[in-house]
Structure formats: C-alpha cells, structure tokens
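Participant: Just so you know, the protein sequences line up as chains H and S, in that order.
Using the working numbering, read the first sequence as starting at 232 and increasing by one per residue.
Using the working numbering, read the second sequence as starting at 64 and increasing by one per residue.
What the hints contain is simulated information worked out from the structure, not anything from laboratory work.
Just so you know, not all the hints are guaranteed correct.
[What the hints assert, rightly or not] Calculated Cβ distances over 10 angstroms to all of chain H for the following chain S residues: (1) ILE139; (2) LEU154; (3) ALA157; (4) ASP198; (5) SER203; (6) SER308; (7) ASN364.
[Stated by the list, open to error] A few chain S residues facing chain H, derived, Cβ under 8 angstroms: (8) VAL160; (9) VAL161; (10) ILE180; (11) MET326; (12) TRP365.
Fair warning: this is a prediction, and the values are worked out from it, not measured in the lab.
For every residue, glycine included, the Cβ atom is placed at its ideal position computed from N, Cα and C.
Here are the chains, one letter per residue:
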Amino acid sequence: MFYREAGDFSTTYAEDSQTFPIKFDRYRYYLVLVVAFGIIPFLINDYWANAVFVPFLIYAIAAIGLNILTGYCGQVSLGTGAFMAVGAYACYKLMTGFPDIPIAIHILISGGITAAVVTLFGLPSLRIKGFYLAVATLAAQFFLVWLFNKVPWFYNYSASGQISAPERSMFGIIFTGPNTEAWAKYLICLVFVTFAAIVARNLTRGSVGRSWMAIRDMDIAAEIIGVNPLKAKLTAFAVSGFFVGIAGALFFSVYLGAAEVGESFGIDKSFLVLFMIIIGGLGSIFGSFAGAAFMVLLPVFLKNVFVGWLGWPTDLAAHLQFIVSGGLIVVFLIMEPHGLAQLWRLAKEKLRIWPFPH
Amino acid sequence: MPDQLLFAIEVTLNGLMAGVLYALVALGFVLIYKASGIFNYAQGVMALFAALTLVGIMEGQVPFSHLINAIFGTEIHHFGWHVPALAAIILTIAVMVVFAWLVQVLIFRHLVNQEPILLFMATIGLAYFLEGFGDLMWGSDIKKLDVGLPQGINGWIDQTTFDAFGYGFFIDNLDISATIVAIILVAGLIIFSQYTKQGRALRAVADDHQAALSVGISLNFIWVLVWSVAGFVALVAGIMWGAKSGVQFSLSLIALKALPVLMLGGFTSIPGAIVGGLIIGVGEKLFEFLIGPMVGGATENWFAYVLALLFLVFRPQGLFGEKIIERV
C-alpha cells in the first residue's frame, strides 16, 4: 500500500541495477540527502553538533568500515580503537608537517596509511579465524596504543603526550581547531560519510563484495569455487582500514580537537563500534548508520532521562548505560541476530502488502 | 653470582607467581569452552563481580544502595554488620551459582547451536551488563579485600637468599599463597572431573554433546554446573587479584590477559592453561626487565598478545590444544 514496486518499470540495464531500484526508496534517499545537506546545516547549533550529529556521522564511518570487515567478510576485529588511532595520528602528523595542503586530503591520506597498517595486522587472518583472529587483533589494539604513547615522534614531542589539532581551513572556512563553527564540523563529516557510504555500498554490490561474502559464508567452499582468500581477506582489511582511518582522523581533528591515545582510542572504542554493527545489523550499510545512531543516542537519552529528568547522580546513569547496552547486545543476538537493519527490512515487507496479511 | 643474573632470577620467580594468577583466570575459560564451546569473554568480569560481592557481603553493604538512595531519597549504605570471611565466601559461591543458572536460562539456552563467534559476542554483551550491574549493586569505588591471607615480603626467603647469594629476593607472601591455592584448586578440579559422577558427565559433554545426551546426561544441568564451577574459579581469581591490588575495574582487564594465555596453551587443555599462564607470566616480566628499558617500558601491556600472535601463526591450536580439523 505505502511501499510498493508496482508500476515501477526499468527500461535500461543501468536503471535496473542502480543502488535504489524502487522509486519510493530512491525518493526517500534523495529526501534524506536534501535534509542532511540543505536544512540541518542552517539549524544546527553547538550542542546538537557535538552531542549528536558529529559523533553519529563519524561513528557511522567507523561502523561502515568494521561492517565491511566483520559483517561482509566475517573477520572479527577488536582493534578498531587502535586503527582509529592510526588515522588520528597520521592526520596529526600530516596536518603539522604539511600545513598548506587542504585538510580533506590529509584525511584521505590518513585513511590510506591506516589501510596499510590494518592490512599488515590482517595478515594472520590467512592462518587463523574466528575468535583466534579476534584475539590477534587485540594484539594490534594494545601494541598500537602503547606505540603511540611511547614514541614521542608521533605526538611531536609535546610535553603532555597529547595531540591537539591546529586550526586548518579550506575554501576560507575553518574546519579544525577551537574556532570551528558547528555547521562546518557537521558538513565535513557529512561529506565523508556520504562518500564512505556510496563507495561501500557499491563495493559490496560488486565482485569484490561478493568474494567477501563468499569467504564469510564458508571460506573453504569459497576457495574451491575460485575466490582467492588472500586477496578477498586482505582487500577487506584494507578497505575497512581506510574507512576506520578516515573516522579516526575526523574523530581527532574535527570532533575532539585534542586527544590522548589510551583514553580516546582504547579498547572501549573497539567494543563500542562492534556493538554498533551488531545492534545495527551485520552486513548492512543501513545497519551501520542505524547502529551508530542508536549507540550515540543511547547515552544522551539515558543521561537526559536519569540525570536531567529523575535527578539521579551521573555515575548511576553511567552504570545503567553499561547494563542497558550490554543487555541490548544479548537481546539483539537472541531475538534478531541481523539487527535493526533486519527490523527495517521486515517493516518494509509488511508495508508493501499492507493492509493484507499475505 | 653477578647481580644482573640474580635480578633476572628474581624477576623470573615473580613472573612465575604472576603467571599462576593468569592461569587461574584462564582455567575458567577452558572449563566453559570445553563443556559448551562458548568462549566466555565475561570471565574477567565474573572475577570482578565475585570479588565485589564478597567484599560487599563481608562489609555488610546494602545492595543497590545508590539506586535506592537515588529513588527514595534515603541515606542507607550499610547493614552495620560484618560477616566472617568463610561465611561470606560460601554466600558468594551461592550468588555465583544463581548467576550461572540465570545466564544459562536467560541467555545461552536461546543461543544453542549458534555460531561460536555469535556466542562470543553474546558474552561480550554479558560482560558489559555484568560490569554495570556489579557497579550498580556494590558501588564503583576501589575496595580493599582482606580475607586473612598473609601479605608483604616473605622474610624467610629474603633472609635465606641473602645469606646464600648476598642479595635478598623479594617475593610476596600473597603470591606464594596464590600459588598454593591454585595448586589445590587444580588438584581439586582434576579429582572432581576424574572421580565424581558429575565430573565424568562433564567430561563426556566436553567430548561429544550428542553422545552425552544419548546416554542420558542432562546438558542443561551440566552447563549450569560448569558455569558455576567457572564462577567459583572466578571467585578464587578475584580474591587473589583483589587482595593484591584492590577490587576495582581493572580487575576485569585480567580477562584480556588470559586470552593470550589460552592461545598459547590451547583452548581445550587445563594443563595448557597453566603452562601458558606461566610462560606468559615469566615472558612478560623478563621482556620488561631485559628489553623494556630500551623501548620505554610498559611493554607488559602488549607483550603477551604479540607473543601469542606470533605463536598462532606457527601453531594455531596452541601448545596442548587439539588439532583443529575442518570438515566440509
């Protein structure tokens, strides 16, 4: 009734194989883009940017990255936090080393550097899998955090061991540093999210994505039908690393402004992003957005309810946040292992035939 | 003997003691993994929760006092009594058994036959839940745990080694008692699994779920049992670590340290867990002692993982683990 494909004919192959072949979907997607690019930047203020939109967009990029690795290729990674740190430190070194180059290029190069590092740590995946690999990525997590703490070159020998983003502008607009306007922060993140989502969506629809999914579903069978596991796994690590690196660079330069590696990119970050893709939906780009939105909004919501509304102390709200997010993970794994994305699919299915049951 | 060598011997001994504690945590993992194929990430948080509960009961804390105070505006914190250590330990064991039962009924019964990696993620969720729950129940401040274990430097060892080599070894009494407790615990576990009916049933389940079911062993009971035993091991580990460095959040991080231990020793082997624990304990202490100063120290954070990682590349099943055979 509300949502159907009847009367929606494709007359060319290009039309048939576009990202959103159904008209309703396509218009909804355009609407989201119009609202995101055309309306929100004019309304946004500092609170909404810092508490909701900027972390949501950045985590969405990280979640897309991890989803490619875990959701599409089936390689569990617990090193996302450290991989984000690689992006952040690469961005910092580039920003301070080459101040004249636009920040967007720095962020892209940081993504590339992270991709290289992540591929290196992905090498053991050729021998081991499952939670053995998960533990192997923990090695990356702890080693990289230690490295960024101990080698002063990475933080330019600053006394505090922190890295802080200098002010950089592009087209006359300041994008990093303390004087950044809320809408500028929001826009640069939005541009990168859109870029990441389009690239990821198209990669996963193509032959690379199919080889990832073959490896995920059964690697031995995939190898027998001619998928090269070396290539498939390492490209998944590289692409995932690229996005995670971009997320890390943005997280540091645009969102935090100043970062300390153990605090900002610890193992908690790794789990947070993992939770996002479990709750959002493994193997779904929309799921990455849904999960990121959910995990960003959850603490804001809990804080508003418990601290703002009921007047409880903040540490209590923090404990409840642990309980709720942990509990939700378990509930989702039991009730709906495919996450919010699957709920969305089911809802669409129901809407398509509404008001009839079948 | 040269000083450097003496220091190295002392470091090795201390590493062995630390390794015993890692092995204790790793034991809990192995038990659950063998019986149910679940890789229980929450083991470390279980140790934290058990230790928190023990301290809470001993001190007569009111559970959820923060929450109650916040809701009703009251100011209660303590019942005003102190429970002796032994009684508190027994009560804590009871709590851990109830916890095991709840975990089984509420979570893993619904996840039977799922992929291992999904179960692993479920235990991560469980770990988060339990961490928040423990803090909510008992408060998140650092607590002192004292169940009457001897603490401080062992004077006898210090004196004897001083007389023999001219340098007194520093060895903590607590580490010695931890070692003794760990030996007793392992001996107890071996006796339990070899000579009691439940223990044999447990081994049968670990061997083959379906065959065990077909001879009339209740899987549900065994799973509750094994989670309870793991809870008990977690309690012992929690007591030891808690007495050493206070009951606090960082206790749950020892679970992460147990992971490389397992990868080294193999996921399915109890002796492997112990040997792996000792190797990691000695290895990271010696590495920190010998190489640490050259690279800025604090290598203990990652050494174990990198060692395990290198190890995995050459022998994925660990030292004692069963060979991983993949059938299509």
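Participant: For every hint, state whether the structure bears it out.
Facilitator: We went through each hint and held it up to the structure:
1. ILE139: holds, 15 angstroms
2. LEU154: holds, 23 angstroms
3. ALA157: holds, 22 angstroms
4. ASP198: Violated, since 5 angstroms does not exceed 10 angstroms.
5. SER203: violated, 6 angstroms
6. SER308: The assertion about SER308 (chain S) holds, with a minimum of 18 angstroms to chain H.
7. ASN364: violated, 5 angstroms
8. VAL160: Not OK, violated: VAL160 (chain S) not within 8 angstroms of chain H, min 20 angstroms.
9. VAL161: violated, 18 angstroms
10. ILE180: holds, 6 angstroms
11. MET326: holds, 6 angstroms
12. TRP365: Status holds, d = 4 angstroms.
Checked against the numbered hints listed earlier, the structure breaks hints 4, 5, 7, 8 and 9; every other hint is satisfied.
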